[in-house]
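Okay, here's what each chain looks like letter by letter:
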Amino acid sequence: MPDDIVKELSQGAQPSERAAHPRRRMRGFRLWGRVLLIVSGAVPLLLFLTFLIAPLIAPYGPNTQGTGLPFAVPSSAHWFGTDELGRDLFTRVLYGGALSCEIALGATAIAMILGVLWGFIAAMRGKILDEVLMRSADIVMAIPVILLALIFISGFGANELSLIVVIGFLLSPSTARIARSVALTETSRDYYSAAVAYGASWRRLILREIFPNARQSLVAMSVINVANAILLEASLSFLGLGIQPPQDSLGSLLQEGFSFLYNSVAYLFFPALIIVILIWSLNVFADQLAVFSDRRAL
Amino acid sequence: MTRYLVRRVIVSVVMIIGTSVLIFGALRILPGNPILTRFGANSGVTAADIAKIERQLGFDHPLVVQYWNWIAGVFHGNFGKSYFSQFSVTTLIAQRIPPTLELTVGSILICLLISVPAAILSAVRPGRSFDRVSSMFASFALALPAFVTGIMFLLIFSVHNRLLPAGGYAPLSKGVWPNIRLMILPACTLAIAQMPLVFRFLRGQLVEELSASYVRTAQGKGAPRMRVVVRHALRNALIPGLTMLGLVTGYALGGVVVVEYVFGMGGLGSLAVTAANQRDYAVLQGTVLLISTTFIIVSLVVDLTCQFLDPRLRTQPL
Chain A
1 MPDDIVKELS QGAQPSERAA HPRRRMRGFR LWGRVLLIVS GAVPLLLFLT
51 FLIAPLIAPY GPNTQGTGLP FAVPSSAHWF GTDELGRDLF TRVLYGGALS
101 CEIALGATAI AMILGVLWGF IAAMRGKILD EVLMRSADIV MAIPVILLAL
151 IFISGFGANE LSLIVVIGFL LSPSTARIAR SVALTETSRD YYSAAVAYGA
201 SWRRLILREI FPNARQSLVA MSVINVANAI LLEASLSFLG LGIQPPQDSL
251 GSLLQEGFSF LYNSVAYLFF PALIIVILIW SLNVFADQLA VFSDRRAL
Chain B
1 MTRYLVRRVI VSVVMIIGTS VLIFGALRIL PGNPILTRFG ANSGVTAADI
51 AKIERQLGFD HPLVVQYWNW IAGVFHGNFG KSYFSQFSVT TLIAQRIPPT
101 LELTVGSILI CLLISVPAAI LSAVRPGRSF DRVSSMFASF ALALPAFVTG
151 IMFLLIFSVH NRLLPAGGYA PLSKGVWPNI RLMILPACTL AIAQMPLVFR
201 FLRGQLVEEL SASYVRTAQG KGAPRMRVVV RHALRNALIP GLTMLGLVTG
251 YALGGVVVVE YVFGMGGLGS LAVTAANQRD YAVLQGTVLL ISTTFIIVSL
301 VVDLTCQFLD PRLRTQPL
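Going down the list, the sequences are from chains A and B. Heads up: the first sequence begins at 1 in our numbering, then just goes up one per residue. Heads up: the second sequence begins at 1 in our numbering, then just goes up one per residue.
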């Protein structure tokens, strides 16, 4: 995970770094930042939407064999070429992308709900409960995420639902850490003490007081989580412990392509390209979101 | 210092116990059944056969007793017996340690060799072209999953140019060159995954240090630029950088799983993947426990080293 983004989110930007840039360049940076923010947000959104309407735009069925010769190179009939059974790779990437994004979004939803509750409760209750909750987050994070994923997947079995649940759970402790530090800055402010003083309920404190103020940081965090979920799903499917045939995800396409390393480059190239573009743009988007929310706060 | 040391060691021990409970608990409580997986689709398996194997593997004891037996064994260097093959887990793991160790250490060295100078050059002139270009590379490398880098390297160096072998591992006893030849691509793959983290973190620290007043003082008294950067600023930036090194070790230990798979190296990572596929819980829990314990101990050593190097940290609470 991009740790500097996390650091920035939890601590605010370091003022000295900004001071290092001469002031006259700020205007240029601001415009460039805005363009970057829009482009990096639009790219994953457009890709998601394209995957969503895959059944409408895919030229062939996802598992229709013999639509062309095996291992055909990219052409106008097969934009991404074909695989070992003559299935159209463009179609398979569309359907695979849809499944990957579905898993990533589902996992992010779980990670955000679990992580935000985990972190908010730790920050608001404090003391022993805080210590216990954060130490347990540390313990989960002490095991490299992919290894913990192997354990959970071999317990739950490798399928779509278990991937969503497992990835969601694995991303929650880091989310909890951010949520906690964001909540800690809010609970130290006067409006929070005021709300406590007039006897606001827990629900009100979380939903009406902290949440609206922490929203920007949490949005950036969920974007990072989507990127990490895509990465984790692709890694697991690539290792053969994720989506199983005949279903496809971007990772499982790569895994199948990997066994034909010497036959076809396109088989590997396009799924890999989509994964990299998705993760890159989401990372940049989260980065820019964090910068913008800082700037507004200052 | 002693109080900090004692507290920090206790925290690490608690974390090791916690991870072992998490690993063991997750494998026992989740619905997967290793015995049924082992029999697979074989017909003619009776309930008595299953009960016999359960007894052999100690599944008839309560969970707490099973956990205790496992941990007590680990302290005697006995990780139990593989459910699948008839080898002991200790033997299986011991065979797989050398490639993983070499890969991890090698990748961290390569990563430092490239990212530390790059971070210095960027931080000296923030916002200039070198900084812009290397920051862009870092942001791109951050989005490059290890399997994509690995596949790219394989396509370029093994499939199209046949410069380097596509995978495997040769122990050092077979000579230095055969060993290194097989290690270059995997180590670089893993290093690329870590570089952006080290680069961005160290660059940020350096920029911050360079704007400190002691740097202005050093410049004011006429110290050469390179001396100010390396002797004054870098020394201060490296202490938080050391903490980053602990984190990077964690990334590397997780990254070996994918990298070993891509390059067909028989290390701990591929052992864990095979074990997860076969539901060989004895092997899986042993391997993951070993790797996470290594990570916790490395973090401990890193933290203590920081305390030793920087007296200012000693006054801070944990």
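Be aware that a few hints might be false.
Claimed, not checked - Reference excerpt, derived from the structure (chain A facing chain B, CB under 8 Å, subset only):
#, residue
1, LEU36
2, VAL39
3, ILE57
4, LEU69
5, VAL73
6, ALA142
7, VAL145
8, LEU231
9, TYR262
10, ILE275
11, ILE279
12, TRP280
Claimed, not checked - Per label pair, the in silico range of CB-to-CB distance:
#, chain 1, residue 1, chain 2, residue 2, range
13, A, TRP32, B, LEU313, 32 to 40 Å
14, B, HIS160, A, PRO212, 27 to 35 Å
15, A, LEU31, B, PRO224, 33 to 41 Å
16, A, LEU45, B, LEU172, 22 to 30 Å
17, A, ARG125, B, ILE71, 28 to 36 Å
To be clear, the hints were calculated from the coordinates, so they are not data collected in a lab. Ideal Cβ positions, reconstructed from N, Cα and C, are used throughout, including at glycine.
Against the structure, the hints:
About 10 Å separates the beta-carbon of LEU36(A) from the nearest beta-carbon of chain B, more than 8 Å, and the hint is not met. With its C-beta approaching chain B no nearer than about 14 Å, VAL39(A) sits outside the 8 Å limit, and its interface hint is violated. This hint is violated: ILE57(A) has a C-beta 25 Å from the nearest C-beta of chain B, more than the 8 Å allowed. Here the hint on LEU69(A) is broken, as its CB sits about 21 Å from the closest CB of chain B, past 8 Å.
Because the smallest distance between the Cβ of VAL73(A) and any Cβ of chain B comes to about 15 Å, over 8 Å, the interface hint for this residue is violated. At its closest, the beta carbon of ALA142(A) sits 5 Å from a beta carbon of chain B; the interface hint therefore holds under the 8 Å criterion. Below 8 Å, beta-carbon pairs count as interface contacts, and VAL145(A) has one with chain B at about 6 Å; its hint therefore holds. The criterion of a C-beta within 8 Å of any C-beta in chain B is met by LEU231(A), whose closest approach is roughly 6 Å, and the hint holds.
Below 8 Å, beta-carbon pairs count as interface contacts, and TYR262(A) has one with chain B at about 6 Å; its hint therefore holds. The interface hint given for ILE275(A) is met, as the beta carbon of that residue sits about 6 Å from the closest beta carbon of chain B, less than 8 Å. Checking ILE279(A) against chain B: minimum C-beta separation of about 4 Å stays under 8 Å; hint holds. Satisfaction of the interface hint for TRP280(A) is found here, the shortest Cβ-Cβ separation to chain B being roughly 3 Å, below the 8 Å cut-off.
TRP32(A) and LEU313(B) have their C-beta atoms about 38 Å apart, which keeps the hinted 32 to 40 Å range intact. For HIS160(B) and PRO212(A), the Cβ-Cβ distance of about 55 Å falls outside the hinted range of 27 to 35 Å, so the restraint is violated. Checking the proposed 33 to 41 Å range against LEU31(A) and PRO224(B) shows it holds: the Cβ atoms sit about 38 Å from each other. Range check, LEU45(A) to LEU172(B): about 50 Å between beta-carbon atoms, so the 22 to 30 Å window is missed.
Take ARG125(A) and ILE71(B): their Cβ atoms lie about 32 Å apart, and the range 28 to 36 Å holds.
Hints 1, 2, 3, 4, 5, 14 and 16, counting from the list given before, are not met by this structure.
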